[in-house]
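Q: If you want the building blocks of each chain, they are given just below.
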Amino acid sequence: MHIDKDLVAASATPLVLGILADGESYGYAILKRVNDLSGGRMEWTDGMLYPLLHRLERLGYVQASWGTSDVGRRRKHYAITPTGREALAERRQQWAVVSDALKQVWQDVQPGPAVAEGWA
Amino acid sequence: MSEQNTNAVTPAEPAAHVVLEEQIDQWRGYVQRRRAITPADVDEMEDHLRGQVADLTASGLEDDEAFLVAVKRMGNLDEVSREFAREHSGRLWKQLVLVPEEPGETGRWRELGVVLALAIGAGIAVKILLAATGDDELVLVRNGVFAVLPFLAGYFVWKRRVPWGVSAVLLAVTAALALVVNLYPFVEGPFGDPGMTGFLAISHTPVVLWLLLGVVYAGGAWRSGPRRMDFVRFTGELIIYLALIALGGGLLIGLTFGTLGLVGVDFEPFLGDWLLPFALPGALLVGAWLVEAKKNVVENIAPVLTRVFTPLTIVMLAALFVALLVNGPLTAVDRELLILMDAILVLVLFLLLYSISARDPLAPAGVFDWLQLVLVGAALAVDAVALTAMLTRIAEFGFTANKVAALGLNLVLLVHLAWAAWLNLGFVRGRRTFGAIERWQTQYLPVYGLWVATVVIAFGPIFAFA
Chain A
-1 MHIDKDLVAA SATPLVLGIL ADGESYGYAI LKRVNDLSGG RMEWTDGMLY
49 PLLHRLERLG YVQASWGTSD VGRRRKHYAI TPTGREALAE RRQQWAVVSD
99 ALKQVWQDVQ PGPAVAEGWA
Chain B
24 MSEQNTNAVT PAEPAAHVVL EEQIDQWRGY VQRRRAITPA DVDEMEDHLR
74 GQVADLTASG LEDDEAFLVA VKRMGNLDEV SREFAREHSG RLWKQLVLVP
124 EEPGETGRWR ELGVVLALAI GAGIAVKILL AATGDDELVL VRNGVFAVLP
174 FLAGYFVWKR RVPWGVSAVL LAVTAALALV VNLYPFVEGP FGDPGMTGFL
224 AISHTPVVLW LLLGVVYAGG AWRSGPRRMD FVRFTGELII YLALIALGGG
274 LLIGLTFGTL GLVGVDFEPF LGDWLLPFAL PGALLVGAWL VEAKKNVVEN
324 IAPVLTRVFT PLTIVMLAAL FVALLVNGPL TAVDRELLIL MDAILVLVLF
374 LLLYSISARD PLAPAGVFDW LQLVLVGAAL AVDAVALTAM LTRIAEFGFT
424 ANKVAALGLN LVLLVHLAWA AWLNLGFVRG RRTFGAIERW QTQYLPVYGL
474 WVATVVIAFG PIFAFA
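Protein chains in written order, with the working numbering: chain A, -1 to 118; chain B, 24 to 489.
Derived by calculation from the structure, the hints in this document are not laboratory data. Careful: at least some of the hints might be erroneous.
[As the list claims (entries may be wrong)] Here are a few chain A residues that face chain B, going by a calculated C-beta distance under 8 Å:
no., residue
1, E55
2, R56
3, S67
4, R72
5, R73
6, K74
7, Q92
8, W93
[Claimed, not checked] In silico PhoX-like pairs for lysine-lysine, Cα to Cα no more than 25 Å straight-line:
no., chain 1, residue 1, chain 2, residue 2
9, A, K30, A, K101
10, A, K3, B, K95
11, B, K95, A, K30
12, A, K30, A, K3
We put the CB at the ideal spot given by N, CA and C, even for glycine.
Generate coordinates for the entire structure from the input sequences, incorporating the hints supplied.
A: Below, the structure is given as C-alpha cells:
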C-alpha cells in the first residue's frame, strides 16, 4: 500500500520522538523500528531522516552524541529531552483529536466501496 | 546497546568486501560534494548505509546488489541535500542556490556587467551632486548616501527579483528621508558646520538606509530570522572587503602620486574631480558583488577575527573597568565618554554577532561560549560604571540632543547585550538551545532601525533644530 507523502511527513516527528521516548537510538535503528511498527508499509526516504533529526535537535527535542558502533565505527546517538517529551505529549493529543474525528467519519461511511463508486 | 571500543576506526574488512568498500568510498565522495552536507553528516549517513547493506547481505543479497538497494533507499541526493540546506540555513549562506546548479559563464559576466553599470551610474550621481552643490560641503555630506545606496539596492532588486511593490515602498521611504534631512530648518554653527540635531540626522541617516537595504537584500522577506542573519554576515564581509579594497586602492594612488610628482604632473585635480567620485561608490558595489560571488572564500574571516579579538577585548575591558574605578569618582565626564561607551558596546555586539553568525548551532557549549559570556559581562560592567556617572551629570546639567542620542543608543545596546548574556548563560548551563540566542539577535535588529529613525526624524523638532 502506498501512503501519501504528506501523511508520512506529518507523522514523522511524533513517530521519531515516540521511538526515542523508549530509549536512546541511532538513525538506522530508528528507521528499522518505523518499518517494524508499520509492517513495512510506511516508506520513508532514508536520507530524509537525518535533516529531520537535526531539526529536532535544533529545537531542543532531542540531544545527540557521537559514540561507536559494535564494529568501532562512528555513530551518532539520539536521546529525547524533557522538552521533547513535552512536544511528544502535545503531538499525541493533537493526533488523538484527528484520529477520533476520522474514526467517526469511517463509521458514517460504513458501506465503503459501493458508496465510493457511487460518488466516482 | 553494546558499545565495543576498538582502537582502529576501520576494522579489517575481509578481502571479499574490497569492492563494496570502493563503492562506499565513491558514494561518500559523491555526497560530500554537496556543500549543505558536512563530513559529519556523511559519516552519519554512511553508518546508515552500512547498516542497511549488512542487513540486506544477511538476508542473502550479494554485496553490490545490497549496495544498490541501500543507495536507492537513501533517496534522491538533490532532495536530501536541499532538505539539509533548509534545516541548516547557516550552511546555506555558502550557496543560496540550493541544488548544485553551476552558474553559466554568461550568467556571471552578465552580473558583473550589471554591477559595473550600476557603479558607473552611482559615480555619475555623485558627480551631479558635486556639480549641484558647488562648494557647500554640508549638502554633499548630507546627500552622498542618497546618491550611492539606491544603486546598491538596485543590484539586489535585480538579483533577488524583489517585488515591485516592496521596491516602491522603500523608494518612497528613502525619498521621504531625503526630504526630512534636506528641508528641516537645522540651525548651523558659526562656520557653516552643522548644529547638534543636524549632525545627528546626518550621522544616523546612513544607518536607516542600510537597514532598509537589508529589506532588499532579503528579497523582501525581512521578517525571516535566517535572512536577517544573512544580511548581518553580508555586512561584516563587505566591511572586510572594503577595507582590503581601500588598502589596495590607497597604495595604487600613493604610487601614482609619487611617480607623477617626480615628472612634475599634478595628479590632485584628476583625483578629486574624477577618480574619487567614481572609485568610492564603485568600491562599494564591487565589494558587494564580491561578497555575493565569493561567499565561501572569505566566509571564515569574520569569525576568525572575532576569535582573535574576543580575548583581547576582554583584557581591554578589564583594564578600563579598573581604570574607571581607581581614577573615579568620574566628575569630569561628558558626552565623549558616553560616545566612547557606545562605540565599545557596538564593538562587543559585533564580536558577538559574527561569532554567532558563523557558529554551528548544534555544537555543544564550549570554552569560547564562556569567553563570550565573560566578554559581554565585562562590557556591561564597564558600561554600568560610566552610565551611573553620566546620569548624575545629566541630572545636574540637563539634556541636550547629543546626550539623549548617546544615552538612548546606550540603552538600546544595553538591553540587547544584557538579554543576550542571559540567554548565553542558559545555553552554557545546558538549559537552552543555541537557537534561542540566534533568534534573539535577529529579532532585536529592527529596534535599532526604530531608534535611529527616531533620531533622524523626531530629534530636530523636539530639540528646536538646535
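Q: List in ascending order the numbers of the hints, as given earlier, that are violated by the structure.
A: As far as the earlier hints go, 7, 8 and 9 are violated by this structure, in ascending order.
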